[in-house]
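Residue numbers (the working numbering), protein chains in the order written: chain A, 1 to 355; chain B, 1001 to 1361; chain C, 2001 to 2306.
Note that these hints are calculated values from the structure, not bench results. Worth double-checking, as some hints may not be accurate.
Claimed, not checked - Straight-line Cα separation of at most 35 Å, DSBU-like style, residue types lysine-lysine; simulated pairs:
hint	chain 1	residue 1	chain 2	residue 2
1	A	Lys352	A	Lys308
2	A	Lys119	A	Lys347
3	C	Lys2120	A	Lys240
4	A	Lys181	C	Lys2120
5	A	Lys27	A	Lys119
6	A	Lys347	A	Lys147
7	A	Lys54	A	Lys280
8	A	Lys119	A	Lys106
9	A	Lys106	A	Lys271
10	A	Lys306	A	Lys147
11	C	Lys2117	A	Lys147
12	A	Lys244	A	Lys306
13	A	Lys244	C	Lys2117
14	A	Lys147	A	Lys308
15	A	Lys144	C	Lys2120
16	A	Lys144	A	Lys298
17	C	Lys2120	A	Lys147
18	A	Lys102	A	Lys280
19	C	Lys2120	A	Lys244
20	A	Lys240	C	Lys2117
21	A	Lys306	A	Lys332
22	C	Lys2117	A	Lys181
23	A	Lys244	A	Lys181
24	A	Lys25	A	Lys105
25	A	Lys27	A	Lys271
26	A	Lys347	A	Lys332
27	A	Lys280	A	Lys352
28	C	Lys2117	A	Lys144
29	A	Lys347	A	Lys306
30	A	Lys240	A	Lys308
What the hints assert, rightly or not - To list a few chain B residues with every Cβ distance to chain C over 12 Å, as calculated:
hint	residue
31	Gly1014
32	Leu1043
33	Phe1108
34	Phe1111
35	Pro1172
36	Thr1182
37	Gly1185
38	Ile1202
39	Arg1224
40	Leu1249
Using N, Cα and C, we set each Cβ at its ideal position, and we do this for glycine too.
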Amino acid sequence: MKKFLSIAAAAALAVALSASGAAAKVKACWIYVGPVGDFGYSYQHDQGRLEVEKALGDQVETAFVENVPEGPDTERALERLAREGCNITFATSFGFMDAAVKVAKKFPDLKFEHATGYKSAENLAIYNARFYEGRYVIGQIAAKLSKTGVAGYIVSFPIPEVVMGINAFMLGAQTVNPDFKIKIIWVNSWYDPGKEADAAKVLFSQGADIIVQHTDSTAPLQVAQEQGKLGFGQSSDMIKFAPKSQLTAIVDDWGPYYVRRVKEVIDGTWKTQSTWEGMKEGLVVLSPFTNMPDDVAKMAAETAEKIKSGELHPFTGPITRQDGTVVGEAGKPLPDTDLLSMNWYVKGVDDKLPQ
Amino acid sequence: MQLLFERRPERSRGLMLLSPVIALLLTALVGAVIFALRGLDPLHALYVYFIEPLTTLWSVEQLLVKAAPLVLIGAGLSIAYIANVWNIGAEGQFTIGAVFGGMLPVLFPDFQSPLVLPLMLIMGLLGGMICGFIPAFLKNRFAANEILTSLMLVYVAGLLLDWLVRGPWRDPHGFNFPKTVTFSGWQMLPTIGTTVHIGVVIALVTALALAFLLDRTIKGFEIRVLGSAPRAGIFAGFSRPRMVMFAFLLSGGLAGLAGICEVASTVGQLQPTISPGYGFTAIIVAFLGRLNPIGVIVSGLILALSYMGGESAQVALGISDKIAKVFQGILLFFILACDTFILYRPRVVSRRAAPELAPAE
Amino acid sequence: MDILQALILTVITAATPLLLAGVGEAVVERAGVLNLGVEGMMVMGAVSGFGAAYVTGSPYLGVVASILAGTGLALLFAILTQTFLANQVASGLALTLLGLGLSGLIGEAFVGLPGTKVEKLVFPALSDIPFIGRILFAQDLIVYLSFLLTAVVSYVLFRTRLGLVVRAIGNNHDSAHALGYGVIAIRYLCILFGGACAGLAGGYLSLAYTPQWIENMTAGRGWIALALVVFASWLPWRVAVGAYLFGAVTILGFFVQGMGWGIPSQFLSSLPYIVTIIALVIISASRTISRAAAPACLGRSFVPDR
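Okay, chain A solo, but in the shape it has when bound (with noise of 0.2 Å):
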């Protein structure tokens, strides 16, 4: 009874307050899948959380909960946020979904975003990043660099994201080099640094000469270093882990896009909507080129630009999969539906996908 009748006067305080049009703060919270001493995806999405408490100051306070497990627990961390009174929480990661369906429902004066998911409401936004498109210039980078035209790819889990990334890798690095390979270990996690770096140093036993990750440690680019092969980052910028051997890496920028929506929560202007940027929205960053000769990095640079006017989107049609099926008109890119739940790999790719 205290505790209701302590959120009731609160309420009223802030209806009052703003009534009177000073503006109340708006509590802006998160919800993490990892810890955020991960320096990987959790830690990305922290550091934007942290640009909104800079960009917007005393105007927002923020929270969060770290190492929410996918499962039971979601949504009543989920709730619990509601409860406190948080006007807008981010789910950060795809197993979050249907809890974040179930709690908004529940709720529906306050507001939600989901990440990497597909299901949305009045109060349900959804928001996502076009990873790809930093794997297709990568992909390009390395079909240049490599002597041995094999890159080895350490990755996850088979969901879609992952997937697109491995396909707009390969046909960046079919422009430059029709018979690239790849070869793929999936390590079942998200992040074991051990298990990651014995998947590298395997990879380079067999015949790669430069690693690309869909895994959130450093490891693989510490054996990069210490091998003297090269590699590619992944959501965070890796140089300080591997000076010699990152190329250049895929920094998942959350900042512009928290502050942008937190912003329209405050001003009233929040509408529940489908947002999935990319490089020309400054969401995909690629760290500074390093490690290369000036031409290739010029090269990159280019495909980066035209890929932020527009001009190049890396599924643009017709697009051969695995089974030699063609999909795609000619010169239009496949739909982000297509994209979103894509099951298959591009020819060229040895592996088999879970059916």
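Following the hints, position chains B and C against chain A.
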């Protein structure tokens, strides 16, 4: 000078009630220090951690829902541990139970009738029993240590679930994401109110039933004797291999039941992660409950409270979830240490007084 | 040949933490104590080792710090189970919880920082021997320690009086006490030794295997080590066999994936666990391979009757 504990002639009744209280107080003390070091008001922090989760109806409901699988699995494990059968694989049995039970809604999503749920629960029970059968069989037949076999199967079960939800059982309309179709209608556990599902009732009833089994039946006697005095048990005609099988089937089955209950309620579908480590936490719950099914009810609630408090503290106080884990560890330490006083009496012994026999050369 | 050598080196790296923690825990269990807190001690060793190396700039000081951290946590366990006679299973699990939380807390300051690696100590002439030269004589300090540890522990346990006493205590602590051996004191020592080994195993992870710190970077290796002790029938040499077998099957799984044959990765990932179970069954059922029984007093508290 040496601190020794010597056995009391009988359990100290007073301390049985007092020790958890002392443990909580000690934990609160250490917790207050930790919070103060972090710059928080210790009293407020302790309130958020221990009391606040009990102040709102929603929070209490969540507490019951979180405690239910812990109690269900823990009660089964306590029976197994009394019998000295070390089932460490409850997490895997939980998973396989969820897989078996989930088979019906996934393969026959249109099967809607009052029959579905009981069938799902029975299948879940069966799944857990099958997973528990393997270590028991290997132990009886090959004397293979059950700690290792049951633990290894946890990983295998997890990978099996992963393969199923990414491949054959993937929701065809799920944008190729790793999840099955959502369960609906008769396939979900009914709820009392909006949150508390009958899994809570199942857990409570099971714990009570097991307590009855242990205390009032020949089977219970058999379990206790084979655990504490195996040779006497053999003379009484009880069979150790049969007990191993019984213990694994019971605890495995109950873990499987907990699995399908979780999946048919809060999660609502099969996906790669369906348990935040219930099977392992339940081991702690079993021991904290002093291997007594009624005690397990209490310890399950306490542990669930500590989880709730940890989450609440993260949001309300802004402390990281690592402090919550440290807190839990400290709580457990103090409870274990204070429990000692129930069975043992402390004595400070001076070294000179204790006669040492010279080792025979 | 090169591929084989590279793979063997990878296997050694993967197996070393399991070996170190496993041999330490084998000693503890031989003395009759079941310490399930290996994961907690390992992760504390990892964060302490990394932290000390980062702050001082010397990875060797990091090694020392990791050993001390593991020993420290083990001391808590020893007090709880040997002096306070608390249940060993619950105490070990509490230790794991504490270790995971505490390490995460301490490690907050070290996230995202590149670490200093323990260098390889290369024996000049020996390491030039074709093939095995690099494998046996060009490793880092901790790997050499792991080889040495296995040999020394095996020798002490089975060829010295101290080892005899330890095993006697593990098999029948009442008789050992009657003979005048300090049961509790020796168990304390063994627990601390086990903690030191687990701490070193953790230090290897953050100082050599993948020089960095991430929360929970042990990723369940402590539990595998525990299982391996059982698998090895509490014999140190067999712990080594188990550790290398487990590591080899894991690496082999990756190798097969890299070949692109399309075998489901979950199946390959589950192989190390399945192979371990099968190997254990074979050993347990065999009449020829000696099968040491568990120390009879494993997990039971010792209460001296005075």
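Structure-based check of each hint:
no.: 1; hint: Lys352(A) with Lys308(A); in the structure: 32 Å, holds
no.: 2; hint: Lys119(A) with Lys347(A); in the structure: 31 Å, holds
no.: 3; hint: Lys2120(C) with Lys240(A); in the structure: 22 Å, holds
no.: 4; hint: Lys181(A) with Lys2120(C); in the structure: 33 Å, holds
no.: 5; hint: Lys27(A) with Lys119(A); in the structure: 23 Å, holds
no.: 6; hint: Lys347(A) with Lys147(A); in the structure: 21 Å, holds
no.: 7; hint: Lys54(A) with Lys280(A); in the structure: 23 Å, holds
no.: 8; hint: Lys119(A) with Lys106(A); in the structure: 16 Å, holds
no.: 9; hint: Lys106(A) with Lys271(A); in the structure: 18 Å, holds
no.: 10; hint: Lys306(A) with Lys147(A); in the structure: 26 Å, holds
no.: 11; hint: Lys2117(C) with Lys147(A); in the structure: 28 Å, holds
no.: 12; hint: Lys244(A) with Lys306(A); in the structure: 28 Å, holds
no.: 13; hint: Lys244(A) with Lys2117(C); in the structure: 16 Å, holds
no.: 14; hint: Lys147(A) with Lys308(A); in the structure: 29 Å, holds
no.: 15; hint: Lys144(A) with Lys2120(C); in the structure: 33 Å, holds
no.: 16; hint: Lys144(A) with Lys298(A); in the structure: 12 Å, holds
no.: 17; hint: Lys2120(C) with Lys147(A); in the structure: 28 Å, holds
no.: 18; hint: Lys102(A) with Lys280(A); in the structure: 33 Å, holds
no.: 19; hint: Lys2120(C) with Lys244(A); in the structure: 20 Å, holds
no.: 20; hint: Lys240(A) with Lys2117(C); in the structure: 14 Å, holds
no.: 21; hint: Lys306(A) with Lys332(A); in the structure: 15 Å, holds
no.: 22; hint: Lys2117(C) with Lys181(A); in the structure: 32 Å, holds
no.: 23; hint: Lys244(A) with Lys181(A); in the structure: 24 Å, holds
no.: 24; hint: Lys25(A) with Lys105(A); in the structure: 24 Å, holds
no.: 25; hint: Lys27(A) with Lys271(A); in the structure: 17 Å, holds
no.: 26; hint: Lys347(A) with Lys332(A); in the structure: 19 Å, holds
no.: 27; hint: Lys280(A) with Lys352(A); in the structure: 33 Å, holds
no.: 28; hint: Lys2117(C) with Lys144(A); in the structure: 31 Å, holds
no.: 29; hint: Lys347(A) with Lys306(A); in the structure: 24 Å, holds
no.: 30; hint: Lys240(A) with Lys308(A); in the structure: 27 Å, holds
no.: 31; hint: Gly1014; in the structure: 19 Å, holds
no.: 32; hint: Leu1043; in the structure: 22 Å, holds
no.: 33; hint: Phe1108; in the structure: 25 Å, holds
no.: 34; hint: Phe1111; in the structure: 28 Å, holds
no.: 35; hint: Pro1172; in the structure: 19 Å, holds
no.: 36; hint: Thr1182; in the structure: 23 Å, holds
no.: 37; hint: Gly1185; in the structure: 31 Å, holds
no.: 38; hint: Ile1202; in the structure: 25 Å, holds
no.: 39; hint: Arg1224; in the structure: 16 Å, holds
no.: 40; hint: Leu1249; in the structure: 19 Å, holds
Taken one by one, the earlier hints all hold for this structure without exception.
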